[in-house]
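Once you've looked at the hints, dock chain B against the given chain A.
Taken in order, these protein sequences are the chains called A and B. Mapping the first sequence onto the working numbering, position 112 (from 1) lands on 119, and the numbers just tick up by one. Mapping the second sequence onto the working numbering, position 62 (from 1) lands on 80, and the numbers just tick up by one.
Hint data in this document are derived by calculation from the structure and do not stem from the laboratory. In this text the structure is predicted, and so the values were computed from the model without any measurement. Every residue gets a Cβ at the ideal spot worked out from N, C-alpha and C, and that includes glycine. Hints are not guaranteed to be accurate.
To be verified - Pair ranges (Cβ atoms, derived):
no., chain 1, residue 1, chain 2, residue 2, range
1, B, Leu25, A, Glu66, 18 to 26 Å
2, B, Leu36, A, Lys21, 44 to 52 Å
3, A, Ala79, B, Val47, 30 to 38 Å
4, A, Val10, B, Ala35, 17 to 25 Å
5, B, Asp118, A, Ser12, 44 to 52 Å
6, B, His28, A, Gly23, 32 to 40 Å
7, A, Glu66, B, Gln60, 44 to 52 Å
8, B, Ala72, A, Gln36, 40 to 48 Å
9, B, Thr69, A, Thr24, 41 to 49 Å
10, A, Thr120, B, Val47, 24 to 32 Å
11, B, Ile78, A, Lys73, 15 to 23 Å
12, B, Thr128, A, Arg118, 31 to 39 Å
13, A, Ser80, B, Asn117, 19 to 27 Å
14, A, Glu70, B, Ala123, 31 to 39 Å
Claimed, not checked - Below are the DSS-like pairs computed for lysine-lysine, each with C-alpha atoms no more than 25 Å apart in a straight line:
no., chain 1, residue 1, chain 2, residue 2
15, B, Lys67, A, Lys48
16, B, Lys87, A, Lys48
17, A, Lys62, A, Lys27
18, A, Lys62, A, Lys73
19, B, Lys67, B, Lys87
20, A, Lys48, A, Lys21
As the list claims (entries may be wrong) - Now the stretches of chain B that chain A is said to cover, found in silico as 3 or more residues with beta-carbon under 8 Å:
no., stretch
21, 30-40
22, 53-61
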Amino acid sequence: GAVVSQHPSWVICKSGTSVKIECRSLDFQATTMFWYRQFPKQSLMLMATSNEGSKATYEQGVEKDKFLINHASLTLSTLTVTSAHPEDSSFYICSAIRGDTGELFFGEGSRLTVL
Amino acid sequence: AQSVTQLGSHVSVSEGALVLLRCNYSSSVPPYLFWYVQYPNQGLQLLLKYTTGATLVKGINGFEAEFKKSETSFHLTKPSAHMSDAAEYFCAVSDHNNNDMRFGAGTRLTVKP
Numbered sequence: 008g009a010v011v012s013q014h015p016s017w018v019i020c021k022s023g024t025s026v027k028i029e030c031r032s033l034d035f036q037a038t039t040m041f042w043y044r045q046f047p048k049q050s051l052m053l054m055a056t057s058n059e060g061s062k063a064t065y066e067q068g069v070e071k072d073k074f075l076i077n078h079a080s081l082t083l084s085t086l087t088v089t090s091a092h093p094e095d096s097s098f099y100i101c102s103a104i105r106g107d108t109g110e111l112f113f114g115e116g117s118r119l120t121v122l
Numbered sequence: 019a020q021s022v023t024q025l026g027s028h029v030s031v032s033e034g035a036l037v038l039l040r041c042n043y044s045s046s047v048p049p050y051l052f053w054y055v056q057y058p059n060q061g062l063q064l065l066l067k068y069t070t071g072a073t074l075v076k077g078i079n080g081f082e083a084e085f086k087k088s089e090t091s092f093h094l095t096k097p098s099a100h101m102s103d104a105a106e107y108f109c110a111v112s113d114h115n116n117n118d119m120r121f122g123a124g125t126r127l128t129v130k131p
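Just chain A, same shape as in the assembly (with noise of 0.2 Å):
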């Protein structure tokens, strides 16, 4: 089946570095990715909603220039999470709706940990 993978699936960094983590399908092309953020017991909070080529929709509240979220082929999607401090530490969900058929799919999630 179809799968979408993250990577890395944990990262710990120090505060006021750059992380990017990638959201792939593996194979299919996803016309649409999107981001989630999830706290600890808490539910996914959608972030954008990104485009092959062009530049993401965030949701309000979201930081575009904390969050850069770059889709630059139908099969990856990056999220950098700018300056990271310890408020940023969360567990980042991506998914891709399948161009040809209309499914979405989940990746498996990166857990971000700012020191």
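Okay, now just chain B, sitting in the frame of chain A:
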């Protein structure tokens, strides 16, 4: 715009008992509805989804859900709980293009031996 309300942040049942997790939705368009399960430190696994057609949807692991338009509900049930069902369950709603998917707050299911 879509939204989802899950009643009960924590549900506890005994092994073998009925599982009922409640979900109500709000949508300005006919919705697509989903139930996902999440185990600790893992991503989401799709249990079942309703798009069109039959309102009683059967999913994996013995779960099923019924779309009731008049009640704007999509409750998840399983006749007999198993220890392995203990997890966090999320109800979600989206439009017909799978865009703008919104999640409920989640319900943590605990299964007692």
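Hint-by-hint comparison with the structure:
no., hint, in the structure
1, Leu25(B) with Glu66(A): 18 to 26 Å, "holds (25 Å)"
2, Leu36(B) with Lys21(A): 44 to 52 Å, "holds (49 Å)"
3, Ala79(A) with Val47(B): 30 to 38 Å, "holds (31 Å)"
4, Val10(A) with Ala35(B): 17 to 25 Å, "violated (35 Å)"
5, Asp118(B) with Ser12(A): 44 to 52 Å, "violated (24 Å)"
6, His28(B) with Gly23(A): 32 to 40 Å, "holds (37 Å)"
7, Glu66(A) with Gln60(B): 44 to 52 Å, "violated (24 Å)"
8, Ala72(B) with Gln36(A): 40 to 48 Å, "violated (30 Å)"
9, Thr69(B) with Thr24(A): 41 to 49 Å, "holds (43 Å)"
10, Thr120(A) with Val47(B): 24 to 32 Å, "violated (39 Å)"
11, Ile78(B) with Lys73(A): 15 to 23 Å, "violated (37 Å)"
12, Thr128(B) with Arg118(A): 31 to 39 Å, "violated (23 Å)"
13, Ser80(A) with Asn117(B): 19 to 27 Å, "holds (20 Å)"
14, Glu70(A) with Ala123(B): 31 to 39 Å, "violated (23 Å)"
15, Lys67(B) with Lys48(A), "holds (23 Å)"
16, Lys87(B) with Lys48(A), "violated (29 Å)"
17, Lys62(A) with Lys27(A), "holds (17 Å)"
18, Lys62(A) with Lys73(A), "holds (15 Å)"
19, Lys67(B) with Lys87(B), "holds (15 Å)"
20, Lys48(A) with Lys21(A), "holds (24 Å)"
21, 30-40, "violated (count 0)"
22, 53-61, "holds (count 4)"
Comparing the model with each earlier hint shows violations of hints 4, 5, 7, 8, 10, 11, 12, 14, 16 and 21; every other hint is respected.
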